[in-house]
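Could you put the whole structure together from the sequences, leaning on the hints where they help?
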Amino acid sequence: MQRAAEHTDESLIAGIRQDDDRALSYLYKLHYPMVAHFILSNSGTSDEAKDIFQEGILVFYEKIKDGTLELTCQIKTYLYSVCRRLWLKKLAEKNRFSGVIDSENFIGLEDEPVAPEETELKFSVMEQAMNQLGEPCRTLLEDFYLQARSMQDITEKFGYTNADNAKNQKYKCLMRLKKLFFAAYKTVAPAQ
Amino acid sequence: MTETEAYALIERYLAGDMTDQEASDFEAQLLQDPILAHRSRQFEELTGTLQQFGRRQHLKQKMAAIHADMEAETAPEILPAQPVLQSDPKWKMFWKAHATTMAVAASVAILTVFSTLFSIQLWNTMGKQQTIRYTELRREVEKIKKNQRAINRAFNQNQKTPKNEINPGAFSGTGFALTENGYFVTSYHVIKDSDSVYIENKNGNRFKVIEVYKDLDHDLAILKVTDPNFTTFGSLPYTVANTDAELGEKVYTLGFPREDMVFGEGSLSSQSGFEGDTAAYQISIPLNPGNSGGPLFDDKGNLIGVISGKQLDAQGAAFATKSAYLMSIAQQLKSDSATRVSFNRQNTLSGRARKQQLKKLKDFIYMVKVYN
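Chains A and B, in that order, give the protein sequences.
Residue 1 is where the first sequence starts when you use UniProt numbering, and the numbers rise one by one after that.
Residue 1 is where the second sequence starts when you use UniProt numbering, and the numbers rise one by one after that.
By construction, these hints were calculated from the structure, which means they are not laboratory data.
Fair warning: this is a prediction, and the values are worked out from it, not measured in the lab.
Worth double-checking, as some hints may not be accurate.
Interface residues of chain A toward chain B, partial, derived using beta-carbon atoms under 8 Å [what the hints assert, rightly or not]:
id, residue
1, 61
2, 86
3, 172
Non-contacting residues of chain B with respect to chain A, defined by C-beta distances greater than 12 Å in every case (computed) [what the hints assert, rightly or not]:
id, residue
4, 3
5, 261
6, 350
Even for Gly, the Cβ is constructed at its ideal location relative to N, Cα and C.
The following block contains the structure:
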């Protein structure tokens, strides 16, 4: 924690923007106890605290990545507010929430959607589709689109005779994923 | 154009792999071909979602790693603390939660106990001091003992019907005649709280008396004989002194500290009484309960006081109310009362030897028996 002094909110955000794992790690470890304390003292378990906090970090992280984050307060306060709201929502779902948890006023983020249902749905559909896709398509797509490996690497890894074969294979896989994905998730208007 | 080919094109376009010519051609084609446009949108959404999803998965993995890392770091610190927290027995938790309250309650309790003990102690010693220092000399009669004796006597007399056993009363004191016609003096404390009072002398004369005058301040009471058999006490041999007696005067008294008359002799040791009471004398006569109300005579047989009590924590310090006060209430009585109250004016004792004096006196000294 000697590094603590070096990390201002600005440097942390910059670090996350540059995919600096140390910044993320530092942020995580710094603020987790606060959120964990809040959730544990409001009828939550440590597993729930972990889930909520990671969800909060996720929101924060993605907002930084999207460049949509408008931080009007400290990161600490922001994270606390987000996690608090996530937890209240969860409690309401569990029907365990009765009355006010704390009367302190935190920066109102009520108008800001924490995690849009739309995106959540999309991701869950995507996860299902990927699971249904099966090997080697899944790994192939993950390697190409997620880890941005070159077609050459992929060709060697999967033992294709040449890069064109691999490319064809990739497009076939993408076709299948497309079918699986849009079968469950229809937003794009069908072709006329 | 098959779908696969279309995707390949779209991908190349999006990745910026196309030449400018190709790109502008493709853009024109997109506008014209709605199927291609639709495919393009689908492709963008699909890959975009895939990448976002991937990023999110990646982030989640990273966070899981960080969390595990963090738990590993803090575990050694937390673990030793945890068992203490959990293994706290209920009484310990209760104690921790209520320690302050209990401490306050305990100290209040302790304080109460000790202050109570202390005040009881104090009260007792105060009470004792009072009772110890001054005692009124009326006698509590040993009723039971006497009843026992009476019963034994009855058996010894071969079960003859016992004579009417006289109730010895609850308290007894001494008293003496003030006037021939039945006025009688004793200490007020002897007869206080009484139902009925009888007087009895050595000759066995027994009369019922009633209280006619009392002086609480000087502990004096004047009684009157109401018995129908009573005619007169006879001519009194003594006079009541009006003036204070001298220091060192030889004085004596007759009283009934027990069933028989007892003579006590001493001197007048001080002209003031208990705690400087100027209404009384201090005398050095050994006195006992039952002597109260007895007359105090000087050498010449003048009545100079009425025995009232003694100091317990001092040797040979007894007290007698001065006769001057007796005289003053007797004067009041004289003026109040319709009946004749005449005092003896001639002392027939003066100049006689002590034994002769006592012989004459003893008929006028009575035991006062109090019933309640």
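Each hint, compared with the structure:
no. : hint : verdict
1   : 61   : holds (6 Å)
2   : 86   : violated (15 Å)
3   : 172  : holds (7 Å)
4   : 3    : violated (6 Å)
5   : 261  : holds (95 Å)
6   : 350  : holds (106 Å)
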